[in-house]
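Colleague: Residues per chain are reported as follows:
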Amino acid sequence: MTSNPLKTMMNNIPVPTSQLIEVIQVKGMTKTFQHESHQVTALQDVNFTIYQGEMVAIMGTSGSGKSTLLQMIGAIDAPTSGQILIRGEQANIYQEPQATLFRRDNIGFVFQSFELLEDLTVADNVAMPLILQDMPHKEIETRVNEVLTQVEMLQWRTHLPAELSGGQQQRVAIARALIARPPILLADEPTGALDFNTTNTILALLQTIQTKKQQTMIIVTHDAYVASYADRVLFFHDGRIVDHYDNERNEYDVGHILEKFKQIARGDV
Amino acid sequence: MIDDIQQAMLGDEEAFQRLITQQHASLYRMIYAYVHNEIDAIEVFQNVVVKAFYALSTLQQPTYFVTWLMRIAINESITFMKKQARESSAPIEQFMHIADHVPSPDENIDLWQALNELNDQYKTVLLLRYYQDYTVVQIAEVTQLPEGTVKTSIRRGLQQLKKRMKGAYYDDFQSFKNHDE
Chain E
242 MTSNPLKTMM NNIPVPTSQL IEVIQVKGMT KTFQHESHQV TALQDVNFTI YQGEMVAIMG
302 TSGSGKSTLL QMIGAIDAPT SGQILIRGEQ ANIYQEPQAT LFRRDNIGFV FQSFELLEDL
362 TVADNVAMPL ILQDMPHKEI ETRVNEVLTQ VEMLQWRTHL PAELSGGQQQ RVAIARALIA
422 RPPILLADEP TGALDFNTTN TILALLQTIQ TKKQQTMIIV THDAYVASYA DRVLFFHDGR
482 IVDHYDNERN EYDVGHILEK FKQIARGDV
Chain Y
36 MIDDIQQAML GDEEAFQRLI TQQHASLYRM IYAYVHNEID AIEVFQNVVV KAFYALSTLQ
96 QPTYFVTWLM RIAINESITF MKKQARESSA PIEQFMHIAD HVPSPDENID LWQALNELND
156 QYKTVLLLRY YQDYTVVQIA EVTQLPEGTV KTSIRRGLQQ LKKRMKGAYY DDFQSFKNHD
216 E
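The listed protein sequences correspond, in order, to chains E and Y. Under this note's numbering, think of the first position of the first sequence as 242, with each following residue one higher. Under this note's numbering, think of the first position of the second sequence as 36, with each following residue one higher.
Watch out, some of these pointers could steer you wrong.
[To be verified] FRET-style restraints, in silico, Cβ to Cβ:
1. Lys-268/E <-> Arg-191/Y: 38 to 46 Å
2. Thr-341/E <-> Glu-73/Y: 54 to 62 Å
3. Gly-46/Y <-> Thr-273/E: 54 to 62 Å
4. Gln-57/Y <-> Glu-380/E: 38 to 46 Å
5. Thr-341/E <-> Met-44/Y: 46 to 54 Å
6. Arg-191/Y <-> Gln-448/E: 46 to 54 Å
7. Val-172/Y <-> Gln-285/E: 35 to 43 Å
8. Lys-268/E <-> Met-36/Y: 29 to 37 Å
9. Gly-433/E <-> Arg-121/Y: 19 to 27 Å
10. Asp-436/E <-> Lys-118/Y: 42 to 50 Å
11. Asp-464/E <-> Ala-60/Y: 36 to 44 Å
12. Gln-57/Y <-> Arg-481/E: 56 to 64 Å
Read the hints as simulated data drawn from the structure, not as lab findings. Yeah, the Cβ is synthetic: ideal placement off N, Cα and C, and Gly gets one too.
Given the sequences, and given the hints that come with them, work out the whole structure.
Modeller: If you want it as structure tokens, here you go:
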């Protein structure tokens, strides 16, 4: 049928994307450690999914299992049972050096203590993941400038880490984590060593990267303020997820909507 | 599509997902035309999906699926708006005033405003007729109004729309009206 003004107007209403891409799927994950004569269960039947472009905070006290979880997602350790799929591919099945390659291709790490190399300039620190990939020099330079611009540190490219403030060092660390364009950014207490104002600017930066680049992010934190920036918070206690809520995430996928409804009906949430 | 509807009626979630995915843009835009913002539109959309999934077994005939789904979407949208108006401490008039000033989906601000000034019945029949291209019979199915009432509502709704737009688009709609009758 021919178009009319009403139809034209209606068809101009933007429709949010209905596609939620699963980046991380954790299914029935359990992790036990042998401690002297007895077994310690660090994680017990943990299940969750993280979608592309989401910022998810993982909260919990020490001993809650969140550090163990981080090692599993970071493909540093393997679960006792259950599985973790990263972009549909099973993680934790590789031995070194393949495990390192898997990490490099999938995850960018940001740490509380920045972990920059003292003797290298900002630009060289950021370039390091690509140097290890043997990427051509020209392309590395382009990418370094691109990510340093993104974190607003381009003018500091020739400086050494010691010449920078804590917040600036963390910006450099974020640039380094992003330079290989990993699907997941994993930040472990990224603002733990920073004051309140700097914390805010780092969180704002992470949020900008999340929305502009549809970057999936996991932030491990004990700080509820930091977690408030996330779309979703997973609370860990005694190796289980004890609570789970959304901060107005645009959940729009039909399967996801039904699943969430069932969780509510079962009283899981 | 009929296969998917039959499968979905038997509880097949994937078939149901395919059906909703096919309809989602037109459903979402219909909802948006009532609630006027993305966050609320998504919330209503979610309610519609859940309601439709759990009520699907009560659908009389698979061929009614699309109009049935549209009816749920419209009812949920109108219920949502009424609930919001009730919960809002501001008087209704003020609420309507705010709703009128939300950004329109494009430069068609006059048409968007005029449409949103109509009562729900006129607005609904015009959206179904001119956006969804439904026939009078289908509109009667969705709105549960007699066909005669649907025809009258389309005519009167169109008249009111034109009056509010002060002649703009008059010819476009005139030709549609003639086309229709």
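Colleague: Indicate, hint by hint, whether the structure satisfies it.
Modeller: These are the hints, each one checked on the structure:
1. Lys-268/E <-> Arg-191/Y: 38 to 46 Å: Violated, at about 57 Å.
2. Thr-341/E <-> Glu-73/Y: 54 to 62 Å: violated (42 Å)
3. Gly-46/Y <-> Thr-273/E: 54 to 62 Å: violated (37 Å)
4. Gln-57/Y <-> Glu-380/E: 38 to 46 Å: holds (42 Å)
5. Thr-341/E <-> Met-44/Y: 46 to 54 Å: For Met-44/Y against Thr-341/E, whose Cβ atoms are near 51 Å apart, the range 46 to 54 Å holds.
6. Arg-191/Y <-> Gln-448/E: 46 to 54 Å: With a Cβ separation near 49 Å, Arg-191/Y and Gln-448/E satisfy 46 to 54 Å, so the hint holds.
7. Val-172/Y <-> Gln-285/E: 35 to 43 Å: violated (57 Å)
8. Lys-268/E <-> Met-36/Y: 29 to 37 Å: Since the Cβ atoms of Lys-268/E and Met-36/Y sit about 32 Å apart, the hinted range of 29 to 37 Å holds.
9. Gly-433/E <-> Arg-121/Y: 19 to 27 Å: With Cβ atoms ~46 Å apart, the hint is violated.
10. Asp-436/E <-> Lys-118/Y: 42 to 50 Å: With Cβ atoms ~44 Å apart, the hint holds.
11. Asp-464/E <-> Ala-60/Y: 36 to 44 Å: With a Cβ separation near 40 Å, Asp-464/E and Ala-60/Y satisfy 36 to 44 Å, so the hint holds.
12. Gln-57/Y <-> Arg-481/E: 56 to 64 Å: violated (39 Å)
In this structure, the hints that do not hold are numbers 1, 2, 3, 7, 9 and 12, in rising order.
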